[in-house]
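Asker: Here are the chains, one letter per residue:
Protein chains: 2
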Amino acid sequence: MANRNFSEMSREELAGVRCELEKLYGEFQARNLKLNMARGKPGAEQLDISDSILESANPKFAADGTDCRNYGCLEGLPEMRKFFGDVLGIAPENIIVGGNSSLNLMYDSIMRLMVFGTQNCTPWGKLPKVKFLCPAPGYDRHFAVTGEFGIEMITVPMTPTGPDMDMVEKLVSEDDAVKGIWCVPLYSNPEGICYSDETVTRLSSMKCAAPDFRIFWDNAYGVHHLYEPVVLKDIFAECEKYGNPDRVLYFFSTSKITYPGAGVAMMASSSANCAEVLKRMTIQTIGHDKLNQLRTLQFLKDAEGLKKQMERQAALLRPKFELVLNTLEKELCGTGLASWQKPKGGYFVALDTMDGCAGETIRLAKEAGVAMTGAGATFPYKNDPRDRNIRIAPTFPPIEELAVAMELFCVCVKLAAVRKLLAE
Amino acid sequence: MANRNFSEMSREELAGVRCELEKLYGEFQARNLKLNMARGKPGAEQLDISDSILESANPKFAADGTDCRNYGCLEGLPEMRKFFGDVLGIAPENIIVGGNSSLNLMYDSIMRLMVFGTQNCTPWGKLPKVKFLCPAPGYDRHFAVTGEFGIEMITVPMTPTGPDMDMVEKLVSEDDAVKGIWCVPLYSNPEGICYSDETVTRLSSMKCAAPDFRIFWDNAYGVHHLYEPVVLKDIFAECEKYGNPDRVLYFFSTSKITYPGAGVAMMASSSANCAEVLKRMTIQTIGHDKLNQLRTLQFLKDAEGLKKQMERQAALLRPKFELVLNTLEKELCGTGLASWQKPKGGYFVALDTMDGCAGETIRLAKEAGVAMTGAGATFPYKNDPRDRNIRIAPTFPPIEELAVAMELFCVCVKLAAVRKLLAE
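Residue numbers (the working numbering), protein chains in the order written: chain A, 1 to 424; chain B, 1 to 424.
Watch out, some of these pointers could steer you wrong.
With a Cα cut of at most 30 Å, we get these calculated DSS-like pairs of lysine-lysine [claimed, not checked]:
{"#": "1", "chain 1": "A", "residue 1": "LYS129", "chain 2": "B", "residue 2": "LYS279"}
{"#": "2", "chain 1": "B", "residue 1": "LYS382", "chain 2": "A", "residue 2": "LYS60"}
{"#": "3", "chain 1": "A", "residue 1": "LYS60", "chain 2": "A", "residue 2": "LYS34"}
{"#": "4", "chain 1": "A", "residue 1": "LYS82", "chain 2": "B", "residue 2": "LYS60"}
{"#": "5", "chain 1": "A", "residue 1": "LYS279", "chain 2": "A", "residue 2": "LYS330"}
{"#": "6", "chain 1": "B", "residue 1": "LYS60", "chain 2": "A", "residue 2": "LYS60"}
{"#": "7", "chain 1": "B", "residue 1": "LYS279", "chain 2": "B", "residue 2": "LYS34"}
{"#": "8", "chain 1": "B", "residue 1": "LYS279", "chain 2": "A", "residue 2": "LYS126"}
{"#": "9", "chain 1": "A", "residue 1": "LYS131", "chain 2": "B", "residue 2": "LYS129"}
{"#": "10", "chain 1": "B", "residue 1": "LYS82", "chain 2": "B", "residue 2": "LYS342"}
{"#": "11", "chain 1": "A", "residue 1": "LYS279", "chain 2": "B", "residue 2": "LYS382"}
{"#": "12", "chain 1": "A", "residue 1": "LYS60", "chain 2": "A", "residue 2": "LYS279"}
{"#": "13", "chain 1": "A", "residue 1": "LYS382", "chain 2": "B", "residue 2": "LYS126"}
Source of the hints: derived by calculation from the structure; they are not laboratory data.
Isolated chain A, as found in the complex (with noise of 0.2 Å):
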């Protein structure tokens, strides 16, 4: 049965559904759940398939027979550096391995920008101001790295082909002040939305009054389809062809591939830029745990071996996602209370409530025992200025507990919803 539009019932008929509503929530108000859909956590089937890792007995001893047990090899190990390389498309070296975190290189990439400067660009934090470009709804953790260091944050819309880019170029050609993008280009953060190839070009391409400006290229779903592969444009040639080389910095991990705790972190950049990271990076540690880098690859030997992996990852998250879709689908469609895209890959689906709901919604999702991400967290400074964006993160819970999860959210999308409609 279709679900009827809202906004065409009277005022009766808005009392009627919101009693009805009412008792629904009562209902699971009294089950006293404790349920969450709040962050990007693998749920533990997903870590179990990687299980190998920690029960077979682990190397030692690189191809070139560095000992990995011993300090050294800052850049990381060839062998480490030709896979993320043959994965991702990108020449090994021009590739830096990480400890366990891709978020911790963004974060220090950051910070030496800040510090430090590139290229004999002023330092950024010598510069009156800064400021960045946040496509939103985007990645929380994103925002709070740029508002740590005090980086003014500009919000730019996302659409379904990328970031509104006639804005991102129209900002970043007249304020030199713009120093970089924050970007999910592929599934992203929370939408699900991939970049176009379009969107990468004009990306590549376009004019930025900061010679330093750079683009944060954090591709962490880059591998992580639930269907046929959507296929990402290679930024780093296009930059090449518009004569922008040094303009990327691109960060990926094996963290929701093998282990997110203990995974494999990677960045990417031109030589120039790759020099000069390793040059500041020597004087910070002595070199990463070469042995992970051994036992990821023990486990997923080389790109093929990635492939399959993520098959399996797929054929367990698949399900939640569908699960998810197909409850808003059955409960949403056609109300004229929310709209949402339907991922083909990542980590979340994102709802826009009606304007001004979000906030509510969470709150009865808390108060009856879900768990859902900070109302405005998918926007800088936690502002969703429509107060409409509601990230679920479905890979964590059981899949029975998702459901239960899932039902009751809808009921708080509605009830938030009819309450406001009745005391407009």
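Got chain A sorted already, so can you dock chain B onto it with the hints?
Answerer: Chain B alone, transformed into the frame defined by chain A:
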């Protein structure tokens, strides 16, 4: 047979000695040696004694049920904090567990003080001038960090009981630009000096002009005894007693206990400092590798297990240190050409040549195929004002190679000296 003091030789005698030394040196050169006494890197046999870490199945869950494969637990596992606390006599709640590198924790601590400051004091990076006291000879990587951030480094001479405390007290009380001091309090790098109780008390109680003065207490060799343990006075208790609870940032790691490249690092400080660090660190990373914490603990077990491991390490290192000291004694004692301490632990022996001979000695060694730490490395700005200090790192080479390298080294010390004496 006792060595003759070179200063008592006539020019003819010196010329004769030079002739013999040139011949000896030539013979070494003809051997095409390729030996390395440059870095404080454990030898392969020191790594082998930890290999059950790699060869046995590793645990997944912490004692409290935390799934260590997943994200989270930024401050480190409770059992890891308790372990470090037991080993070092520090309250576990004042310990933050890091990744594999304590140097990285030090670098990040300086970075936070530069960029963000502490306890409402002006960030160091916003001050016209920041100075650091650098007891020297000291650790080259410490000086590289402060140098990197543009901090002015003031050399403080080392004495057999630690830094020259009269000079330290004067400098910190008179100048509020003096913001910190580097300390390796036990078996210092490179001389193997242990700070006396009085030194610890004076560091804890001294009046500092800068309210945000910080002691970087890098207890890198805190359990690295070669003989009976030297006991270091508890600096946290002393600081507390004298009303300076936030003065110390304490660093340690298992790098030279288990694996240099894959150990577990930690920092410790007051509750106020720890809260501040964690608040910043949560923006930088979601958490460090907890599986490696479990893996390390499974092997070391507890403070008693660590003690046994360090006895195994000492059994491997003692012969090397004794070989170095015996060779120095045999070849150089009484010559008036060199002086040195006799470390009871740690990773190095430091030797002072005649003034103006360190660089030349190291050059001669290098040209005969023995790599040493670069001249000046043990001083800020790589500037050893008397060009006399040389760091000997005996741990990495196999003992037969070390024996050859030390023989050559002593020839080089003497040859550099006799050439200089004859040129005067």
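Asker: Are the hints correct? Go through all of them and say.
Answerer: Structure-based check of all given hints:
no.	hint	in the structure
1	A:LYS129 / B:LYS279	holds (24 Å)
2	B:LYS382 / A:LYS60	violated (35 Å)
3	A:LYS60 / A:LYS34	violated (43 Å)
4	A:LYS82 / B:LYS60	holds (29 Å)
5	A:LYS279 / A:LYS330	violated (55 Å)
6	B:LYS60 / A:LYS60	holds (21 Å)
7	B:LYS279 / B:LYS34	violated (48 Å)
8	B:LYS279 / A:LYS126	holds (24 Å)
9	A:LYS131 / B:LYS129	holds (27 Å)
10	B:LYS82 / B:LYS342	violated (33 Å)
11	A:LYS279 / B:LYS382	holds (17 Å)
12	A:LYS60 / A:LYS279	holds (27 Å)
13	A:LYS382 / B:LYS126	holds (28 Å)
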